[in-house]
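Engineer: Residue-level listing of the chains:
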Amino acid sequence: MEDLAEGIIKHAQKLGAEFADLRIENASGTTIVVMDGRTKAMTTSVETGCGIRAFVGGAWGFASTNTLTRTSLRQATEAAVDLAKAAKAKAKLEFEIVHAKPVRRKEVYRCRERAADVAIEDKLAYVLGLDKSMKALDQRISSTSARYDDLEADRVVANSFGTLSRITERWLISACSAWARSEGVAQRGHASLGNVGGYELMRRESAERLGVEAAEQAIRLLDSKPVPAGKFTCILDNKMTGMLAHEAFGHACEADSVLASSSVLEGKMGKRVASEDISLIDDPTIPSTFGYFSLDWEGVGAKRHALIEDGVLVGYMHNLESSSRMGVRPNGSSRAQAFNSPPIIRMSNTYIAGGDWKKEELIEELRHGLLIQGSQYGYVETAKGQFMFKCDEAYQVDRGEVGQRYRDASLSGVILDVLKNVKGLADDFMLADAGYCGKGAQTARTTDGGPHMCVSDMVVGGLA
Amino acid sequence: MVDIKGLAEKTVRQAMKLGATHCDVMVADAKYVSAEIEKGSIKAASMLFDPGVAVRVFMQGSQGFSSCTGHDAKAVCRAVELAVSHAKAGTRDPDFRDLPYKSPGGRASGLFEKRLASTSVDEIVSMAIALADKAGDDKRIVGVNASVNVGTGTYALANSNGISLSQRLSSFELGAEAVARSGDKMFSGMDGLWSRRLDRAALGRVGESAKEHALLGLRQVKIPTGDRPVVMDPLAFGFILSSAIGGGVNAESIQRKRSYLTGKLNQVIGSDGLTVIDDPTIEWGPGSYAFDGEGTPARKTLIVDGGLLRSYLYDSYTAGKDCVESTGNSSRGSSLWSFRHVPSISSSNLVVTPGDSTLKEMVRETSKGVYLRVTFDSPNLATGEFSGLMMESFRIDKGELGPSIRQSTIGIGVVDMLSRIDMIGKDPRESFGVRTPAVRVSKARIAGSG
Numbered sequence: 000m001e002d003l004a005e006g007i008i009k010h011a012q013k014l015g016a017e018f019a020d021l022r023i024e025n026a027s028g029t030t031i032v033v034m035d036g037r038t039k040a041m042t043t044s045v046e047t048g049c050g051i052r053a054f055v056g057g058a059w060g061f062a063s064t065n066t067l068t069r070t071s072l073r074q075a076t077e078a079a080v081d082l083a084k085a086a087k088a089k090a091k092l093e094f095e096i097v098h099a100k101p102v103r104r105k106e107v108y109r110c111r112e113r114a115a116d117v118a119i120e121d122k123l124a125y126v127l128g129l130d131k132s133m134k135a136l137d138q139r140i141s142s143t144s145a146r147y148d149d150l151e152a153d154r155v156v157a158n159s160f161g162t163l164s165r166i167t168e169r170w171l172i173s174a175c176s177a178w179a180r181s182e183g184v185a186q187r188g189h190a191s192l193g194n195v196g197g198y199e200l201m202r203r204e205s206a207e208r209l210g211v212e213a214a215e216q217a218i219r220l221l222d223s224k225p226v227p228a229g230k231f232t233c234i235l236d237n238k239m240t241g242m243l244a245h246e247a248f249g250h251a252c253e254a255d256s257v258l259a260s261s262s263v264l265e266g267k268m269g270k271r272v273a274s275e276d277i278s279l280i281d282d283p284t285i286p287s288t289f290g291y292f293s294l295d296w297e298g299v300g301a302k303r304h305a306l307i308e309d310g311v312l313v314g315y316m317h318n319l320e321s322s323s324r325m326g327v328r329p330n331g332s333s334r335a336q337a338f339n340s341p342p343i344i345r346m347s348n349t350y351i352a353g354g355d356w357k358k359e360e361l362i363e364e365l366r367h368g369l370l371i372q373g374s375q376y377g378y379v380e381t382a383k384g385q386f387m388f389k390c391d392e393a394y395q396v397d398r399g400e401v402g403q404r405y406r407d408a409s410l411s412g413v414i415l416d417v418l419k420n421v422k423g424l425a426d427d428f429m430l431a432d433a434g435y436c437g438k439g440a441q442t443a444r445t446t447d448g449g450p451h452m453c454v455s456d457m458v459v460g461g462l463a
Numbered sequence: 000m001v002d003i004k005g006l007a008e009k010t011v012r013q014a015m016k017l018g019a020t021h022c023d024v025m026v027a028d029a030k031y032v033s034a035e036i037e038k039g040s041i042k043a044a045s046m047l048f049d050p051g052v053a054v055r056v057f058m059q060g061s062q063g064f065s066s067c068t069g070h071d072a073k074a075v076c077r078a079v080e081l082a083v084s085h086a087k088a089g090t091r092d093p094d095f096r097d098l099p100y101k102s103p104g105g106r107a108s109g110l111f112e113k114r115l116a117s118t119s120v121d122e123i124v125s126m127a128i129a130l131a132d133k134a135g136d137d138k139r140i141v142g143v144n145a146s147v148n149v150g151t152g153t154y155a156l157a158n159s160n161g162i163s164l165s166q167r168l169s170s171f172e173l174g175a176e177a178v179a180r181s182g183d184k185m186f187s188g189m190d191g192l193w194s195r196r197l198d199r200a201a202l203g204r205v206g207e208s209a210k211e212h213a214l215l216g217l218r219q220v221k222i223p224t225g226d227r228p229v230v231m232d233p234l235a236f237g238f239i240l241s242s243a244i245g246g247g248v249n250a251e252s253i254q255r256k257r258s259y260l261t262g263k264l265n266q267v268i269g270s271d272g273l274t275v276i277d278d279p280t281i282e283w284g285p286g287s288y289a290f291d292g293e294g295t296p297a298r299k300t301l302i303v304d305g306g307l308l309r310s311y312l313y314d315s316y317t318a319g320k321d322c323v324e325s326t327g328n329s330s331r332g333s334s335l336w337s338f339r340h341v342p343s344i345s346s347s348n349l350v351v352t353p354g355d356s357t358l359k360e361m362v363r364e365t366s367k368g369v370y371l372r373v374t375f376d377s378p379n380l381a382t383g384e385f386s387g388l389m390m391e392s393f394r395i396d397k398g399e400l401g402p403s404i405r406q407s408t409i410g411i412g413v414v415d416m417l418s419r420i421d422m423i424g425k426d427p428r429e430s431f432g433v434r435t436p437a438v439r440v441s442k443a444r445i446a447g448s449g
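In the order they appear, the protein sequences are chains D and Y.
Quick note on numbering that gives the first Met the number 0: the first sequence kicks off at 0 and runs consecutively.
Quick note on numbering that gives the first Met the number 0: the second sequence kicks off at 0 and runs consecutively.
Worth flagging that the hints you see were computed from the coordinates, not collected in a lab.
Errors might be hidden in some of the hints.
[As the list claims (entries may be wrong)] For lysine to aspartate or glutamate, the following EDC-like pairs were computed, each having C-alpha atoms within a straight-line distance of at most 16 Å:
id : chain 1 : residue 1 : chain 2 : residue 2
1  : D       : LYS422    : D       : GLU275
2  : D       : LYS270    : Y       : ASP183
3  : Y       : LYS320    : D       : GLU275
4  : D       : LYS230    : Y       : ASP183
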């Protein structure tokens with residue numbers, strides 16, 4: 000495979016590519032979905048293919064093929080170079096890809112028990128157990144869904160700088176949803192857990208408890224009320240702080256958005272963008288996290304990226320192109336969903352560092368506001384500078400006392416204001432939810448986290 | 000050239016030999032070409048060849064599924080073995096009745112445009128540049144990001160009940176985002192097009208709209224929290240409706256009592272002016288098909304009739320469970336099919352019957368309200384409650400469109416939202432799988448930062 004990869008890169012250069020890279024992948028993944036006590040689907044997908052990029056004077060060509068023969072790879076290479084030349088002929092921008100140190104490395108993600116070696120019957124027993132645990136919790140649980148996914152991908156990355164690496168990536172994720180009904184009210188609870196590694200992850204107590212967590216949340220929400228709409232000071236839990244780190248700032252720190260003039264952080268390097276207590280980091284090198292990788296999809300060694308230090312913007316996340324155009328070193332932030340997608344700049348494990356308040360102190364100090372818990376989803380438009388995320392549960396806080404439970408609160412804010420409005424950070428930092436981030440029609444596995452954090456002037460959308 | 004119909008039929012036979020009681024196989028042969036613009040300059044062109052096979056097998060109702068890239072006989076054989084072993088391992092499901100049988104109908108025109116298949120990369124690059132030039136045609140526009148995506152595919156579907164069908168589908172999609180700056184103010188405007196046919200005229204229309212809305216947003220205001228009438232652009236209403244109705248009437252969610260529309264058949268869920276149809280037979284509609292992901296012929300389904308909920312959307316499994324006919328809403332992806340996805344229920348093209356107002360009239364007849372153009376939020380389908388960010392919205396004052404609103408959200412129950420529609424536009428457009436005009440909702444809770 001490696002010989003084939005090097006031959007193809009040389010072929011691209013001969014055809015006129017100033018820079019070329021490729022990713023050859025063999026991947027296989029299993030998905031099991033159980034609903035209401037029965038299997039809904041048991042799935043295996045087998046993916047084989049190669050994606051090739053060619054660069055000519057400021058424009059890229061990308062082609063992919065699902066057939067791994069020398070002939071099909073050469074045809075894809077020719078298509079990629081032709082596409083780059085066609086784009087280059089009409090491009091206004093001109094730049095080059097600055098030489099990066101070649102990396103020749105092999106890595107197999109460590110695990111104690113390969114998911115691929117575990118019998119499908121054993122995996123099914125685990126998922127059926129999750130589903131059963133939800134129903135068993137309370138008679139008001141009316142419907143349940145439990146899901147398990149694993150993937151093992153063998154990926155060769157080669158480029159015309161001499162990089163030739165081979166990574167065997169392994170990850171798993173499990174998720175539960177429970178629906179509860181009582182006296183005409185319906186609510187949904189959910190819980191998930193994911194990591195790189197092997198099936199040992201699913202044998203832990205935390206993985207076994209997912210169903211109970213989802214069901215407990217659905218039951219709790221049955222007596223919740225719609226959240227009042229308005230502007231509030233909010234205490235965000237670890238999951239929501241992580242969501243804020245990811246949505247409110249992480250995306251705006253991706254250098255491709257900055258180069259496209261679609262980030263409000265363009266021109267803000269070295270300037271204060273947050274309160275001085277804030278440090279924001281993206282770090283793919285943290286072992287045993289869902290966002291982990293040691294080598295990015297362009298073959299660049301991954302690094303911890305400090306994005307904000309003590310309130311000042313100090314870095315962006317880069318790939319080979321953005322680092323070349325901005326005159327900095329690449330920092331290994333390029334990822335592709337699969338061989339048939341070109342690599343783009345992505346986050347990994349994104350978090351806000353902890354502070355020195357106690358969580359209880361943050362609550363005690365809050366005169367009137369909301370305690371926000373659990374994250375459903377969020378999104379951002381970096382050019383408008385606005386973001387939104389939706390929580391699982393919210394609680395009224397009145398003179399330091401936690402009271403009424405609310406549901407379905409959506410929180411919105413302005414990127415350049417929100418982190419200046421941070422009033423306190425707790426000392427209970429943790430990386431929270433594993434999940435997927437979507438960008439440019441691609442998904443990437445990520446983790447977010449942080450401490451409990453108090454922020455003023457959040458706009459909360461609700462029905463009341 | 001692989002005979003994909005023959006491959007689908009042969010693969011069904013293989014699965015049945017291995018003990019499957021029912022089986023369907025979809026063989027795809029698709030190609031995607033795209034061009035991307037960054038900051039006004041062509042940045043990348045891509046070409047993807049994406050052949051593959053999806054094998055779905057049932058044994059005593061237990062469903063096993065496997066997919067593989069390419070059409071290689073060994074890989075397909077392995078996929079069959081995996082699907083069969085998964086079906087064997089799964090639990091029995093007595094609610095599974097059968098897969099569809101051959102039936103007449105399902106002839107839809109306007110699914111595949113030959114011109115798109117023969118459009119050259121140079122032409123696609125030129126179209127992307129034309130789109131970006133239009134979107135950037137003002138000195139206050141500091142950046143334009145745009146893309147043109149063309150896809151064509153041939154899909155063969157065979158099952159163990161004798162169905163053997165094929166159809167060709169094409170797609171043409173445009174997207175443009177213009178970023179405007181003036182002093183310390185920054186705003187972006189976006190627009191897009193989703194169709195099955197080439198539409199060069201749309202390049203100017205989409206580009207102009209992205210530019211116009213970016214510039215409109217430079218004037219910004221904060222508003223206080225309160226109840227206001229909301230004029231919803233097709234972009235916003237389409238996005239909300241695709242989930243609120245498209246997801247809400249999914250028969251699986253109904254049968255499992257997960258949808259806020261459970262038990263609401265023949266009840267009022269909207270104003271008497273609101274009629275919504277699922278229609279996969281629309282010529283050039285981005286969600287149109289001749290047959291669905293299981294081979295059921297395409298047919299129209301009346302979902303909401305003058306505010307009354309009339310039907311749910313079914314595939315063969317849920318139809319069997321409810322002892323009704325499938326509505327032909329088994330989906331294998333979006334505009335173009337994917338061999339990677341297990342078939343599941345989805346709307347095709349949701350169509351809102353137009354009314355007689357123009358967008359201008361709706362704004363003119365609103366004294367103090369909000370014009371919501373873009374949101375990317377969906378309702379909670381369990382509760383039917385919707386709260387989301389007004390990503391792009393404008394204040395309406397005395398019938399005039401005013402500045403863009405910063406940091407504000409909208410909250411309303413979906414049934415309340417649909418019931419409070421008091422004006423429906425007469426100019427529909429495609430928006431996220433929904434063909435809808437603008438509508439006015441007489442009252443919603445708006446949370447502001449002012």
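Engineer: State for each hint whether it applies.
Structural biologist: Verification of the supplied hints:
For the hint linking D:LYS422 to D:GLU275, the alpha-carbon distance of about 10 Å falls within 16 Å, and the restraint holds. For the proposed pair D:LYS270 and Y:ASP183, the alpha carbon gap of about 15 Å is at most 16 Å, so the pair holds. Between the alpha carbons of Y:LYS320 and D:GLU275 the distance comes to roughly 60 Å, so the proposed pair goes past 16 Å and is violated. At roughly 24 Å between alpha-carbon atoms, D:LYS230 and Y:ASP183 are farther apart than 16 Å, so this suggested pair is violated.
The structure does not agree with the numbered hints 3 and 4 stated previously, though it agrees with the rest.
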